[in-house]
Amino acid sequence: MKNFKRILGIGVVAVAGFFIIAADHIDAPAVKGGNSDITDFYAFQGEDTNDLVLVANVQGLLSPAATGSAVFDENVLIEFNIDNTGDNVEDLVIQAIPRDGKMYFFGPVAPSQTGLNSVIETSSTYGGDVEITPYGSEPIITSTSGMALFAGPRDDPFFFDFGQYTAIIEGNATGFNATGNDTFKGTNVLSIVVEVQKSMIGGSGTINTWVESKRK
Amino acid sequence: MKTIKIFALLLLTSILALNCSNSDETVIVGNQPDFSGTYKQEDQMGRPAINTVFVNEASKDMFNVTIPSNQNASFQSMFQTNLEALSPAFTNPGDMNALGQTSEAFTGLLATDVLNVSLDGKTTFYDGTNVLTGRGLADDVITVELLLIFGGEDFKENPTLSDDNVDANDKEFLTSFPYLAAPW
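Just so you know, the protein sequences line up as chains C and R, in that order.
Taking the working numbering, the leading residue of the first sequence gets 1, the next gets one more, and so forth.
Taking the working numbering, the leading residue of the second sequence gets 1001, the next gets one more, and so forth.
Hint data in this document are derived by calculation from the structure and do not stem from the laboratory.
C-beta atoms are modelled at their ideal positions from N, C-alpha and C, and glycine is treated no differently.
Heads up, a few of these hints could be off.
One-sided excerpt, in silico: chain R residues whose CB lies under 10 Å from chain C [unchecked claim]:
1) Pro1033
2) Glu1057
3) Asn1070
4) Ser1074
5) Asp1095
6) Met1096
7) Asp1120
8) Leu1132
9) Gly1134
10) Leu1161
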């Protein structure tokens, strides 16, 4: 414990300050709390074990009162990146971009360029679109081309006693409580969920994945 | 879930019926919206909490626009410095986490912020057996990371720092697509 307090002198995470920064919520000044702010990324085997599910959440810490008016920005592309050759460079992308109440998906497709700048891969063979589910409605799902698509508000699946973590970092507590308090309880995010056949993204072995937000 | 609506893309289907040929199965055709332009990166994420915990405030934006294949060269040293500041036991010669990693090896893994995912079976951040084979919704990723930072070789060091005692989400997840719980 006494060692732990050394960080206060070094200031590694003391920058947490009053900001709730956690899984990736509000992680950096340029995106903090904006509509390109990625809060979380998940990748897991689907109910059908031939499938992989990719989840990108943005715009975290939405109260129920704020959720109905939260919208995806039409200038913000959410891009799932898949490296299936082990070099941490994307071999395939799945792009999600909203237009007029729908989320359009392109890919999996080899991107015409890798890295920080993207164009929408509108010539992709795979993809589809789904009506963005309004707050309070049952989830609207499109199943097409071996994929399932969803976009809309969901409960934030992340859980963490961030309040106590902050208290520790700020030197106001020496450890977590025996019963934690989930800082993200009762808050929502805007979610994009894609289920894709594993055969479309490499088939077997280990892939490296990450999600990006990109603005026009 | 029982009331999930499956929307057949009627318009899309009709367009495909007119235009689809064996050699060209472009899904989005016809009067699609304007998707032109170049989109520039603002945020990125692989594993949970990496930028938040291991990157200095002044470098957080830069981390978000450093492509993963360049992250190790640019950030591993910073990660190691910050890990050792956070958990000074790592500076003892030979000190390791429960994965048998020194601070250099551990941060060498983390600095490239991609999520490793197995296409061959169980996907979990860590379940006691499988390590970094994905990230499920129910995975207690924060406690795993706290254990790897503070828990020492046997997950038993610093017990009050290595588990936040929030072990599950505030809502049940769904067993079927879209898996995430309905909003509050």
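message: When the structure is checked against the list of hints, which entries are broken? Sort them ascending.
response: 4, 5, 6
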